[in-house]
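Chemist: Each chain, letter by letter, is given below.
Protein chains: 2
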Amino acid sequence: MSSDNKTCTVTFLPHDRKILAEKGTSLIRVAMDAGIHINASCGGEGVCGKCRIQTENGELADGITERLDAEDIAKGYRLACRAQISEDVTIRIPVESTVDSAILDVKPPPRCTAAVQHMDINSLKEQGLFLNPIKKTYLELPPPSVSDNLPDVGRLIRSLRDKADWHKLELTIPVIRRLPDILRNNDFKVTATLVRPVRDNGKTRIINIQGGDTSSENYAIAIDVGTTTVYGQLIDLSTGKVLGEKGLFNGQISYGEDIISRIVVAEKQGGLEKLQQVIIQTINEILEDIFTNTGVDRNNVSTITIAGNTTMMQLMLAINPAHIRRSPYVPASSLYPPFQASSIGINANEHAIALLYPLISSYVGGDIVAGIMGSGLYRSEELTLYMDIGTNAEIVIGNKDWMACAACSAGPAFEGGGVEFGMRAAKGAIEDFLIDPVTYEPMIITIGNVRPKGICGSGLITMLAVMYEMQIIDSSGKFNREKGSERIRKRNDVWEYVIAWQEETQIDRDIALTEVDIDNLIRAKAAIYSGCMTLMDEVGLSIDMIEHITLAGGFGSYIDLEKAMTIGLLPETDPERVTYLGNGSLLGARMSSLTNRIRKDVVEVTKKMTNFELSETPSYMDNYVAAMFIPHTEVDKFPRVKERMESRKKN
Amino acid sequence: MSSDNKTCTVTFLPHDRKILAEKGTSLIRVAMDAGIHINASCGGEGVCGKCRIQTENGELADGITERLDAEDIAKGYRLACRAQISEDVTIRIPVESTVDSAILDVKPPPRCTAAVQHMDINSLKEQGLFLNPIKKTYLELPPPSVSDNLPDVGRLIRSLRDKADWHKLELTIPVIRRLPDILRNNDFKVTATLVRPVRDNGKTRIINIQGGDTSSENYAIAIDVGTTTVYGQLIDLSTGKVLGEKGLFNGQISYGEDIISRIVVAEKQGGLEKLQQVIIQTINEILEDIFTNTGVDRNNVSTITIAGNTTMMQLMLAINPAHIRRSPYVPASSLYPPFQASSIGINANEHAIALLYPLISSYVGGDIVAGIMGSGLYRSEELTLYMDIGTNAEIVIGNKDWMACAACSAGPAFEGGGVEFGMRAAKGAIEDFLIDPVTYEPMIITIGNVRPKGICGSGLITMLAVMYEMQIIDSSGKFNREKGSERIRKRNDVWEYVIAWQEETQIDRDIALTEVDIDNLIRAKAAIYSGCMTLMDEVGLSIDMIEHITLAGGFGSYIDLEKAMTIGLLPETDPERVTYLGNGSLLGARMSSLTNRIRKDVVEVTKKMTNFELSETPSYMDNYVAAMFIPHTEVDKFPRVKERMESRKKN
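Residue numbers (my numbering), protein chains in the order written: chain A, 1 to 651; chain S, 1 to 651.
Hints listed in this document are in silico derivations from the structure and should not be mistaken for laboratory results.
There could be a bad hint or two in this list.
Each pair may be met inside one copy or between any two copies, as identical chains are not told apart.
Stated by the list, open to error - Straight-line distance between alpha carbons at most 20 Å, and here's what the computed PhoX-like set of lysine-lysine pairs gives:
(1) LYS203 to LYS600
(2) LYS168 to LYS203
(3) LYS600 to LYS168
This is chain A alone, in the form it adopts within the complex (with noise of 0.2 Å):
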């Protein structure tokens, strides 16, 4: 173990651990990433002044307040949510009891998150996948003269044979509309934007005309459609990168919060024209304030490409979706055809082209296609599963010869729904959290380290593994009523766990976690656990085949892998083969923006994905009923948490 500029090394006692650290994390997080626990009820504000810790050999930056005296910090005593690291450290923390070194060892696992994968621009042009969607030409024409008299769009189009082989041009009527005057008022010299053929052979299209020169300025919008959220990001098409990003909630949410509410509100009178209207109000906002903080003229943007689920993509474009909520589950088309951004209200020039991710099924929607075009998966020798977690989880698996996919319904409560303090991953959300072997007291993180609110999916999903692992909970879910502590009791007649007393919240109520709560997040995890092993049974496939699990989704990015596997959210495999792609969807949108290629592959990959309906599969149910345990009616499905429960059994 050494360390360099960056990195220094930490030494937590009486454990006598040593964890590298980077310089400026706090203390706090670097003793909840490696399971070390400090009490800890705040949430990082400093104000609990339970996390005092002392620096035995070297020194912490900051960590000082006004809950620690004199006398105390002279000792070397600091609050470890307020210090960051800054050179190497030994770190004693305070232990209320004389503590089992057996009990410290048999701490859950450090944490572990996905490595997030990233966009890789020179990949995609050494693989010869870039291959610009829109190209911007400038063009000096000669003037028309008695000899030359040749129209407006044939000289044009002389032109830009002259210059490239372009061939098979096409126009739309606005262009030749504006371009006499352009011409004219320019001195015949004008940028074109064309729109290259995704296809061999194809037409190229002309779709926009300019003065002067332009070429340079040559920008793309991409755009992920979720039932919650929308995510639209402004792309330089010259360079690749992104210039902007915006996300909000989706202007839907107030017509209902899942897909189904949505649905239902569509099939009322005016409700569908209304949900289009809004979700382009939505979509407009974000492109609003996208041009007003980047500079960008919106006028130089050609092409929207949108991702969304299935239900998302019909509303947006006003298609009744009421066959999608009922059996057999027929959404209105597959494949939608390129068309004008501002024919459906988009803010959009009228030359911007808006382009729609081909979908699977009626719950395998174009955002799960995006995300299997943005990770790479249909391009991959290994074989993988692709598995997208929100209030519905989407999970494909295969390679780049096949693939299958499935969704199923997980509920809202890894997103806060049906969870009394359920929230979204928001500031005040308590995203960390472990718990005193010996005391039950809890160390928590918040998200802003702030006072906490409330607790965010990845908070609940660690709250859970860590009540499992330190037998808090059994493995239905049900507290151990014998635990001595006043944070464990019954209310209302429903056992809970506290997790910050009311002085310590922003909420001025106790934060708790409840056998409700549980036994909703053990459904949510069964579903996509049950989702997951129906379709590998669907294929022929066992858990050990997969190479890779790639995880999609705003919901993701924080996720502790090795807790998520503890609580039988995800099957049990090595974190090592864990990529986080965060939103597939806007990936997958947003490579589109930058490459025909993927726009021409979509089509046949679409054709290769086989969809199962997992509502019309016997088995799904049998698989969810054996996932309501943690991790499982089976443990032996999961290895290391049946080895670690067995471990902790015999200490």
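Starting from the structure of chain A, add chain S where the hints point.
Modeler: Chain S alone, transformed into the frame defined by chain A:
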């Protein structure tokens, strides 16, 4: 000479001329067509009473009015304009003085109009040219089930592929939008409207979907947008038949009569938008009339094929036409892509596609190209001279291998402009005319057989030719001041011939033709003739090499060919070689509606057509000046006229 059931022999005395005439024809028309003069001033209304004739053998139907007393009637007197042929009959025409039969013999040649060329759908079919661009296919789709839950679009496409070899199908967003509900509201029994590709290997587009079986209701609209008039036709695509037709004045007329004045208006603030709105309104009024009168549902019209001159098309599409009227006369485009008809305000179903005829140049527009396609010139072996005569005259020379074209501004004289009593071919217009060689009394027939209001184009041509042959005017168009007739007079310092006295007219004024009028007519005919000659010079041809002349244009069906040659409007040729096409633009639009073959061929045809800008060709002005005589400076170019005039001088 024999008569059958439909045809009778009419013998005119004292000429002793026998004429075959169809039963029901008015006697005055028979005489006029034969070049036999009967005094007649009221246009055929029967009020002037001048056209008294006497039946000597046989009987006429009708012809008896209050202008004849019982004694007259008993003697066989009738009014020629009110009498119809019903059996073989001998007629004596009263002559005021003893007429030298030699004079009677040097009458102008009998009326001779061009054979009308009709469109022959069966011939199209036999030639394999009848490839209907729009196919409506009735489908009974299997409803979706759990084992077959293909998206609606995929289901539709699968059925289309099963039913016929439709490959490369594509849909529009509006069709996809309506598909889910239409399928389910009609038990999955629907009719798809398909646009067949123009090119081999092109895509077939599904542009509409309707519940139930509407496959037999498959219609198209053909429109000719002229500067003066707009014509529309409703075509049944199953039979090729025209079900309804309507012509209206172009509403833009109130913004200027000719193309140049429209362009001037369009260049003013808001002018272009206004002119577009007005022409669309005219088109919509025509459609409204046609749909109302035929009872056809406009939602079953899938294509609207439009032909028009370059300026009309740019105005219709709101494309600035300013550069059309300025050298080097550059139009916006020679080809326009198909577009949604409703996008420019045409009151059609949203699926209906507007198809515009391609054009050659600023003054040889899509109307002429349509005529070339409609007339079959582009498939003909015969070297053909195609002339579309209006305010502008467009001329095409060529055959299936090559074509040259040009346009010249004739001015509005033949349409009644710049001629004091000129008028369009409407009720009350003098359309035919003859002069008594001795008394110089006129014989007139008006459109609608009512009292005259003015003179239309064919009337003016005939008048000019007759006056020239009767030596009332000389070859420079000046009146022979020596003729002793009160009808030839000087008024306001201008010589004129009075065709109808005030009391015989509807307008309470003497109707006359003045030297100024004649001068304008000579300028117009000289421009047209010079256009023909210059174009022939440019391509190295002489008139005797022309195998066929095709006349097109609103002006033309009634034109007396010999008289048009007499005044040197048309080159002198065998009238048998001349055919009249009628509205070639509308015919071409109709043919394109019926067959993709034309739509495919037309692009090649436009490439074959070489445009000559006459205004930039020096010899045009020389030819023009040489043509400023009747028939021409070089009378040898008109041997038949020369011969008649010489024979007349001998008498």
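Chemist: It remains to establish, for every hint, whether it holds in the given structure.
Modeler: Verification of the hints:
1. LYS203 to LYS600: both (14 Å within a copy, 17 Å between copies)
2. LYS168 to LYS203: both (5 Å within a copy, 15 Å between copies)
3. LYS600 to LYS168: both (18 Å within a copy, 15 Å between copies)
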